[in-house]
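**Student:** Going line by line, the protein sequences match chains A and B.
Under the UniProt record's numbering, the first residue of the first sequence is numbered 1, with each subsequent residue one higher.
Under the UniProt record's numbering, the first residue of the second sequence is numbered 1, with each subsequent residue one higher.
No wet-lab data here; the hints were simulated from the structure.
Any given hint could be a false lead.
Label pairs and their computed distance ranges (CB to CB) [said to hold, decoys possible]:
hint: 1; chain 1: A; residue 1: S17; chain 2: B; residue 2: P56; range: 48 to 54 angstroms
hint: 2; chain 1: B; residue 1: D23; chain 2: A; residue 2: R174; range: 42 to 48 angstroms
hint: 3; chain 1: B; residue 1: A43; chain 2: A; residue 2: G69; range: 51 to 57 angstroms
hint: 4; chain 1: A; residue 1: G341; chain 2: B; residue 2: C44; range: 54 to 60 angstroms
Here are some chain B residues pointing at chain A (derived, C-beta under 7 angstroms) [said to hold, decoys possible]:
hint: 5; residue: V78
hint: 6; residue: P101
hint: 7; residue: L104
hint: 8; residue: P116
hint: 9; residue: D130
Residues of chain B placed beyond 10 angstroms of chain A at every Cβ, according to the derived structure [what the hints assert, rightly or not]:
hint: 10; residue: T29
hint: 11; residue: P47
hint: 12; residue: G60
Glycine residues also receive a C-beta, built at the ideal position from the N, C-alpha and C atoms.
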Amino acid sequence: MSTVVRGVGTSAFGKQSHRGAPALLRDAVTEALDDAGTPTTGIDAVFAGTVFDGPGTIQRCLQTLGIVGVPVVTVENACASGTTAFHEAVEAVRLGRYENVLAVGVETMTHTFSSSIVPEDTDREGRSGMAMPSIYGMAAARYAAEFGTTPEQLAAVAVKNFGNGVHNPRAARRRGVSVEEVLASRMIADPLTVLQCCGMSDAAAAAVVGPARNAPDDVTVRATALRSGGLWDHRSTKVWGWDVVHDTAAAAFETAGVGASDVDVFEVHDAFTIGEVVTTEALGLAPLGEGGRLAAAGVTTLSGRSPVNPSGGLLSRGHPLGATGLAQVAEIVWQLRGLTGARQVDGARLGVVETMGGGAAGIDGNGCVVAVLEGAA
Amino acid sequence: MTATTSPTTDEKPRRDAPPEGYDPRPRVTDGIEPAVVGTRCTACAHPTLEDVERCPVCGGPTRPTTFARTGTVFSGTVLRIPVGDRQPPISLAYIDLDDGPRVLGHGQDPERVLRPHERVTLVGETDEGDPAFAADGESR
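Full structure from sequences and hints, please.
**Tutor:** Below, the structure is given as structure tokens:
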């Protein structure tokens, strides 16, 4: 028996700390339950993702919906927390533990931080001031030196994703930008400018997962894979994150029996423009070092061969860590149902979600999840 | 920012010291030729920044060591936003020490991006206690 996504939902994304996690989570879960046709009393178990929201956040939120008296497991896996919750929900159904599982993620970034994320001071690199923009800035600098990846190629990713996000009413930043505007914006971590970095935002997202039930709007989960990164040290020739995305995607593709070229639409982790470049290579859309050409050449645009981030991605939607992965799942589900209007990828039937999170020094990422989803024929 | 060895007297509290005083950063030896301290596997020779008892690669026993002062930049950037109490600019780079691990270091000059493949030398610690590197040819 296959596992399906029965319903999805999200709150709006943006700076809205005044609303608090319970209200944001209610928005997402109520929409997902209605979409699935599942009453709150029908949920057997909950897997949740959040990184910085405090202890008890998920139960504090769920009780306001009357979702009580069931197993609730909260996971933290950096930027991949939401998709890790999704992966665990799918596995729980696949293994027969539960039949109606809620996967949910929430993050109130602007409640936790006054500006950007402060790195973990018990980490040897976080303690040395290694903020996330700097690790991606280093990846971009390495790509420029090794492969000749240009600032214009990086900016093309932002132009594409912001352009897609204009058509996403839930996105936090909805305005088109030009290559010139991206490159002229404030420098954050050389060579990455502020319009190449995702913004802080607050949101929740959810999905209801269960066994296949012959409902036409359900989306089949062909595969999910979850891995932590390997050792990343002086022996590593690739930039941080490349290998863990590659290996996780390879495992998911093998289970699903498909390859990257079979996929109609991707939602990937573009917290920074270089992140999409590296990820799309690691997923198999371009040879090593040539990912910079994809957006600039139109390969990953809505009408391109392999559309990436039709939602606007993290760059446009925002990146509330726990919510991000399930918002990616929601976008792919809507794409596979043909519901996304001006940002719709025509005829999309097979979609992929990829999320990679980091912050622990010495490894190639804390965790990566890749999911392969299929819509009805 | 100065790149001097840590004083043993007249120490002032670090600006961003955590309450319990745990400092996970690599230790740098005092002296005119400072070096990063770590461990090396006695079986496979894998170098590690952490003070580990067993090699994370092969599981073999380790012994304490210091690593070469010189190395090559894997990549670097200058961060231009505050990070906690730290104020920009902050020059950060991954340095592959010649006989040792990849270590996150600070550029001695906070405005200068340390470029991939540049040769660098450990010159001590920053005022905040981070390993500090200067590019070859850069005044120290």
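**Student:** Starting from the hint list further up, note which numbers the structure goes against and sort them upward.
**Tutor:** 1, 11
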